[in-house]
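So the sequence lines, in the order shown, correspond to chains A and B.
In this text, residue positions in the first sequence follow the working numbering: the first is 738, and each later residue adds one.
In this text, residue positions in the second sequence follow the working numbering: the first is 58, and each later residue adds one.
It should be emphasised that the hints constitute simulated quantities derived from the structure, not laboratory data.
None of the values given here were measured: they were computed from a predicted structure.
For every residue, glycine included, the Cβ atom is placed at its ideal position computed from N, Cα and C.
Careful: at least some of the hints might be erroneous.
As the list claims (entries may be wrong) - Which residues of chain B face chain A? A partial, calculated answer using Cβ under 10 Å:
hint: 1; residue: Lys91
hint: 2; residue: Ala95
hint: 3; residue: Pro96
hint: 4; residue: Gln273
hint: 5; residue: Pro281
hint: 6; residue: Phe283
hint: 7; residue: Pro481
hint: 8; residue: Arg485
hint: 9; residue: Pro604
Said to hold, decoys possible - Every beta carbon over 12 Å from chain B, so not counted as near; a handful from chain A, in silico:
hint: 10; residue: Leu791
hint: 11; residue: Leu827
hint: 12; residue: Pro835
hint: 13; residue: Met979
hint: 14; residue: Asp1004
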Amino acid sequence: MKKFWCLFFMFWPIIGLIACAISPSMNWGFPYGLPAGSPLGERIDGLYYMILALVLIVFTGTQIGLGYVLWRGSEETDERAWYTHGSHSLEVIWSIVPAGILLFIALYQMDVWAEYRIQDNKNFPNQLETTVAEVTARQFEWRIRYPAPDRKFATRADLVTWLRNPQSDDLYSVNDIRVPAGKKVTIHLRTEDVQHSFFVPVLRIKQDAVPGKVIPVWFEATRADQYELLCAELCGWGHYKMKARVWAQSQEEYDAYLKQLQHDQFDDGVSSAENDED
Amino acid sequence: MRVRLIISFAFAGLCGLVGCSQPEAEFALSEHTKNLIAPAKKTVEDALAQNFGTPNDLVAWTRFPIEYGGHAGTVREAQSDDETAVAVDFDPPLEDEALQSGATVRWLSGKQQGNTQTIASYNPATGFLKVSAAMDPSPGAGDSFVVGFGQTLKSGRKLYMTHCMHCHGVAGDGAGPTAKYLNPRPRDYRLGLFKFTSTAQPERATRADLKRIVKQGIPGTYMPSFLLLEDDELTAIIAYVRWLACRGETEKKLAADLSGFYSKEAFTKRVESESESDPDDARLIVLQELFQSIGYSGRVGSVQGANRLQITFDSEVQDVIEYEQKQLQAAITAGETAEAPWLADKELVWITGQSTGKRLPVTAYDAVTGSLTFATAMKPAPTIGDRFFIHDSEDSFEGFIDETTNDIADFWTEAEDESVLVRPTTPRTPSSAKSIARGRELFLSKKVNCVQCHGPHGRGDGPMTEAFQKKPNSEEKYPEPGLFDIWGNKSKPRDLTRGLYRGGRRPLDLYRRVRASIKGTGMPAFNAQALPDKDLWDLVNYVMSIPFEKQAGHPAVHTQKPIKGDSNSKRESSK
Chain A
738 MKKFWCLFFM FWPIIGLIAC AISPSMNWGF PYGLPAGSPL GERIDGLYYM ILALVLIVFT
798 GTQIGLGYVL WRGSEETDER AWYTHGSHSL EVIWSIVPAG ILLFIALYQM DVWAEYRIQD
858 NKNFPNQLET TVAEVTARQF EWRIRYPAPD RKFATRADLV TWLRNPQSDD LYSVNDIRVP
918 AGKKVTIHLR TEDVQHSFFV PVLRIKQDAV PGKVIPVWFE ATRADQYELL CAELCGWGHY
978 KMKARVWAQS QEEYDAYLKQ LQHDQFDDGV SSAENDED
Chain B
58 MRVRLIISFA FAGLCGLVGC SQPEAEFALS EHTKNLIAPA KKTVEDALAQ NFGTPNDLVA
118 WTRFPIEYGG HAGTVREAQS DDETAVAVDF DPPLEDEALQ SGATVRWLSG KQQGNTQTIA
178 SYNPATGFLK VSAAMDPSPG AGDSFVVGFG QTLKSGRKLY MTHCMHCHGV AGDGAGPTAK
238 YLNPRPRDYR LGLFKFTSTA QPERATRADL KRIVKQGIPG TYMPSFLLLE DDELTAIIAY
298 VRWLACRGET EKKLAADLSG FYSKEAFTKR VESESESDPD DARLIVLQEL FQSIGYSGRV
358 GSVQGANRLQ ITFDSEVQDV IEYEQKQLQA AITAGETAEA PWLADKELVW ITGQSTGKRL
418 PVTAYDAVTG SLTFATAMKP APTIGDRFFI HDSEDSFEGF IDETTNDIAD FWTEAEDESV
478 LVRPTTPRTP SSAKSIARGR ELFLSKKVNC VQCHGPHGRG DGPMTEAFQK KPNSEEKYPE
538 PGLFDIWGNK SKPRDLTRGL YRGGRRPLDL YRRVRASIKG TGMPAFNAQA LPDKDLWDLV
598 NYVMSIPFEK QAGHPAVHTQ KPIKGDSNSK RESSK
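So here's chain A without its partners, still in its complex pose (with noise of 0.2 Å):
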């Protein structure tokens, strides 16, 4: 029966390594089990194993220890246990390791987070080129505003400009994000009322939406593929409709939506009757 116990602890690092093993191949613990959409998320990912594969060997040398204990307490009965007032040098041993653990890993990832959030890095997109609408969140549905086709932005002041007037030839749709997939593109996300959160799990973006702010937010869908997008902030008792789609497309696909679009929106009942209907 003592030997049971031992054998009992030292099972679970061994699943624990299993389970480790297979994880990736099975993508277990990502949302939908998808792997990351885009190549952002792909480093989000990387962050994500490199904290597991962290824990794993935390906890298999934890149940190492205890399996030692255990089996040279079985062992040897007639040890005696011995008692002690505490070591001062085995106290600063285990928080200093792991401070520094945690002080790598924060380290670690600014990388990944500098990209994401950071408007001055290298790889944050330029805000110019890669536009493609204007997000608002509210309760309990996004709305979404796209430049005319032909719109560029060529200065800062352009693109403000934009953002702060509304324009006769914008593009309206309400939770169906469309863009061109395999491309970094900008969304600038706002609310019209309260706190909301623009999540799409599988592209790995959470932003939250914030009252009196214009947020950009970037992302790359490397797969032309429909992403769900949920409001990941409880904003009220509608919260749970808040579901729309992004949908990444190729760029012909995208270019040919927008066009429909524009032809939906500017519709006057007589050259196009049979769009009426939706």
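We have chain A; now place chain B onto it with these hints.
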């Protein structure tokens, strides 16, 4: 100690159980119905329960043009040797897995009309349909039926309860739990009226209009977009909303018809006006009129034979009957009339029980024993407690229900007709400084007079918003200034400088707001005589330019850039 532990566990368990039970959803009655005197209110409730059911037990009334769902088919060939089987054709043909045993068949025509059977098996290859019980008489070739009737309505209810109910209410009365926090208020469907439609003025909304609103939402209000619902889900929600609108309008019209004479106030007044008789009789005289119209209602006490029932009338009905008998007796004694068998030649209609909706001619009623005799046997036999009413088949309230619901059904059918669709005949004039200037002139003109409500700069602050308006059909004025819609909510004329268009931002949508109006609000409809297409497009161009004016009231000087791919610029270049 242990006792205390057990008690606390039992208490916690009890709390848990109480907390888990869900309240049963029910259709709330309208204020008009609630204000009727008890027997009149009961009639409206009965009519609604019989024809529409409850939220958990819907009745799909085929009178209304609503997609209740199911697979329609006809009998190809009756089977003479097997009373449980027929060869059938489905239209459109069924996929194999679509039909499961346990689904129901509802007969729409032929000898089995109105009856329902359960499917035992279906062979798609031979079209051989077997039901679980023998059909007598068996259906003939050409009889039509529906399998899984009401599926769409049912799934519509589920979706409605998930997504719509908390604002629009269980009964579609716009009074769900979150409604009171919203401005503007959620739509109350019970007038059968929706604001943003593509149909000409008095007509209803089309299915496409409702679908567009559900998919796109209404910017500037709390109606969010449900773009990601599947197409069949949208169809189901819209069927259910239309069904709720039909139900609500039926209730409204029945209550309105009765409330003229039988609302609590009207009833008291009428009783007082019958000053000649003593007050007890006055009440009975007025009630008598009511019962002659809506029927004498009661319930089965016991079944005494194939064509004999022992019945109990509702207490107020009983009072009236006793009064009538007394009057009759007095007239006979005075020699004014010969004895006439009371209640004979009238008709009994079942309100609840197995034969709901079926009718039987009454031959005699014995007031002393309370036994009622019919000329024919009752089939199936009623059970104790089944409710019914007895009435004259001519000029009864039932006839009024028929007429009313037929009218409502016609309104909804008409709305889908191509002829009522509002659609411009001339294409939009490309937006230009000139067109915008002409539009502004019209905006300010006496003829079109947008200024009255929308104000000189389109800010929605016209003089009408400062004036006290009269309530509809009365001389009384609203307690606060401004415009009100037909639902009694304050309705602000749109501030056109904001570029938020509730009914949609396409030129076609703006065209329709002027041509078809915004139903139920002060926004009028301008027909082609009042405002020809060309003028209307100028007005639309002006309205679309308002949000981009450099200075209020001064149309922007730059013309709108022609847009690539836009139909207008294409047409221009082809000229």
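Claimed clearance of chain B by leucine 827 of chain A, with the beta carbon kept past 12 Å: holds (44 Å)
- prompt: For the hint on proline 604 of chain B, does the least C-beta distance to chain A fall short of 10 Å?
  reply: Proline 604 of chain B check passes; min Cβ-Cβ to chain A is 7 Å, inside 10 Å.
query: Under the criterion of a CB-CB separation shorter than 10 Å, is lysine 91 of chain B in contact with chain A as hinted?
result: violated (28 Å)
- prompt: Looking at aspartate 1004 of chain A again, its CB stays over 12 Å from all of chain B?
  reply: violated (5 Å)
field: Restraint check, 10 Å cut-off on beta carbons, for phenylalanine 283 of chain B near chain A
entry: Phenylalanine 283 of chain B check passes; min Cβ-Cβ to chain A is 8 Å, inside 10 Å.
- request: Answer holds if the nearest beta-carbon of chain A is closer than 10 Å to that of proline 481 of chain B; otherwise answer violated.
  value: holds (5 Å)
message: A closest beta-carbon separation below 10 Å is what the hint needs, so does proline 96 of chain B meet it against chain A?
response: Violated: closest Cβ of chain A sits about 40 Å from proline 96 of chain B, beyond 10 Å.
query: Beyond 12 Å from chain B, beta-carbon-wise, is proline 835 of chain A?
result: With a cut-off of 12 Å, proline 835 of chain A remains clear of chain B, as the shortest Cβ separation is near 41 Å.
task: Would you check whether arginine 485 of chain B satisfies its interface hint, that is, whether its CB is within less than 10 Å of any CB in chain A?
output: holds (4 Å)
message: Given a cut of 10 Å on the nearest C-beta pair, is the interface hint for glutamine 273 of chain B held or broken against chain A?
response: holds (6 Å)
query: With a cut-off of 10 Å, does the beta carbon of alanine 95 of chain B approach a beta carbon of chain A closely enough for the hint to hold?
result: Constraint on alanine 95 of chain B not satisfied, violated at 37 Å.
- request: Using Cβ atoms only, decide whether proline 281 of chain B comes closer than 10 Å to chain A, and label the hint accordingly.
  value: holds (4 Å)
Comparing the model with each earlier hint shows violations of hints 1, 2, 3, 13, 14; every other hint is respected.
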